[in-house]
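Novice: All chains should be modelled from the sequences, with the hints used to inform the complete structure.
Protein chains: 2
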Amino acid sequence: MTKRRADNIAEQLEELIFDGTFSDGDRLDEVRLSEQFGVSRTPLREALQRLALSGLVELIPRRGAFVRQPGPIELMEMFEVMAEMEAVCGRLAALRISDQALEDLRDANTKCHDAVDGSNPDAYYHENERFHRIIYEESGNSFLAQEAYKLHKRLKPFRRQQLRFRGRLQQSMGEHEAILQALSDGCQDAAANALRDHVAVQGEKFQRLMATLKAAAE
Amino acid sequence: MTKRRADNIAEQLEELIFDGTFSDGDRLDEVRLSEQFGVSRTPLREALQRLALSGLVELIPRRGAFVRQPGPIELMEMFEVMAEMEAVCGRLAALRISDQALEDLRDANTKCHDAVDGSNPDAYYHENERFHRIIYEESGNSFLAQEAYKLHKRLKPFRRQQLRFRGRLQQSMGEHEAILQALSDGCQDAAANALRDHVAVQGEKFQRLMATLKAAAE
DNA sequence: GTCAATAATTTTGTATACAAGGCTGACGTT
DNA sequence: AACGTCAGCCTTGTATACAAAATTATTGAC
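Protein sequences appear in the order of chains C and F. In short: position in the first sequence from 1, add 289, done, that's the working numbering. In short: position in the second sequence from 1, add 289, done, that's the working numbering.
One should not assume that every hint holds.
Because identical chains share one entry, a pair is satisfied inside a single copy or across any pair of copies.
Only pairs whose alpha carbons sit at most 25 Å apart, straight line, appear in this in silico DMTMM-like list of lysine to aspartate or glutamate [claimed, not checked]:
hint: 1; residue 1: Lys439; residue 2: Glu347
hint: 2; residue 1: Lys439; residue 2: Glu303
hint: 3; residue 1: Lys439; residue 2: Glu426
hint: 4; residue 1: Lys445; residue 2: Glu324
hint: 5; residue 1: Lys439; residue 2: Glu335
In short, the hints are calculated from the structure, not lab data. Computed from a predicted structure; not experimentally measured.
Specialist: Shown next as structure tokens:
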């Protein structure tokens with residue numbers, strides 16, 4: 290499957306927004322960017338439209354494209370939805386998960402343990418993502434899995450920061466154990482609650498981080 | 290807020306897909322459609338991109354745009370997600386709903402009753418939508434409300450059919466009562482379960498409808 | 001000096017022109 | 001007769017050109 294030029298540009302722009310090259314409120318100049326990417330305005334505009342649909346950019350008619358980072362309240366809302374979405378995945382997966390997938394979850398979990406012991410945050414992050422992704426897929430609902438992963442990806446840059454809280458990794462591992470237990474027991478409510486709490490904690494930590502940052506700025 | 294030409298075209302195309310003018314697998318010819326709408330290919334392509342992002346159209350590079358109606362399995366999955374999403378809205382709304390909103394819900398419900406008595410499906414449909422929309426908004430999470438409404442809208446053409454099941458309207462009304470009760474009690478789990486079941490029934494009815502249609506076709 | 005109105009410039013939205021990749025069908029070979 | 005190959009056409013993707021709207025600058029009046 291060949292890729293369009295516009296696809297690449299959309300990805301690169303996404304990256305530039307995530308890494309802070311463009312920040313909230315910045316106007317994305319079509320001609321400047323098209324020159325920078327070495328293409329004409331046509332594919333660049335297509336890329337902007339994609340970013341607009343995925344929510345990273347606001348397209349104001351006759352005005353231009355503006356970077357639209359979610360504010361604190363919106364982020365809180367998104368974390369809440371993420372928590373509930375994972376809870377739903379867990380609720381369904383509790384009934385539908387395969388033995389193989391349970392095995393994979395345990396594997397991801399032990400690798401997470403190793404990463405914590407080795408103080409390797411990147412490895413932890415990677416295996417943690419695999420852990421959650423397995424649960425999405427084992428919901429047995431590919432539409433749900435897709436939506437969950439989409440939101441997961443969008444929250445990625447904000448989730449990463451809260452891992453730096455002291456003791457958070459160990460705490461997180463314990464929560465994973467509880468999730469695993471509930472899933473292998475096939476207990477829907479327990480799985481849903483465990484996952485909801487696990488993700489909600491991330492939102493809470495994030496909120497505290499924001500508060501401290503705000504306080505520091507004053 | 291001014292509207293782009295492409296927005297109108299996207300809406301019109303959406304309508305044409307919903308009403309069956311274009312059916313699954315049809316290729317949407319850019320030049321033919323641009324002539325038909327009296328515009329050039331540029332805004333038409335923008336419209337196609339939007340439809341692609343919302344899932345109504347598949348854009349295959351160098352091949353064209355194809356109508357992509359969800360199949361039976363995907364529809365089942367979407368109904369399941371809708372049920373869980375409404376459950377989440379209910380779970381949150383149980384804690385956060387305002388007295389005014391509870392009043393509005395009761396009002397929508399009595400109007401639903403009247404519509405059932407008067408055998409007015411359209412009126413029922415309208416008030417039913419209002420009922421659910423209030424719950425989305427009273428979740429206190431505008432991101433969630435938006436996502437819920439998006440999916441609600443996407444399932445609209447399929448939900449409508451199942452209202453024709455005999456006795457479904459009365460049954461549905463009873464379910465609304467249970468939802469209302471749980472919300473005014475502030476009971477999270479009861480509200481979530483009542484809403485989940487209420488919507489899941491629609492998915493089930495839809496599945497049966499599909500089965501009968503398929504059987505009739507053989 | 002400030003405010004308003006208007007002209008100039010910049011920027012978006014749309015149309016058209018051009019380039020490149022796939023589809024069709026005919027022709028040749030086995 | 002069937003399959004492969006190549007040429008021509010058709011469609012998509014990209015660039016450029018033009019039109020309309022918005023922002024900015026300038027000029028003039030009070």
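Novice: Could you work out which of the previously given hints the structure breaks and list their numbers from low to high?
Specialist: When the structure is compared with the hints, only number 4 turns out to be violated.
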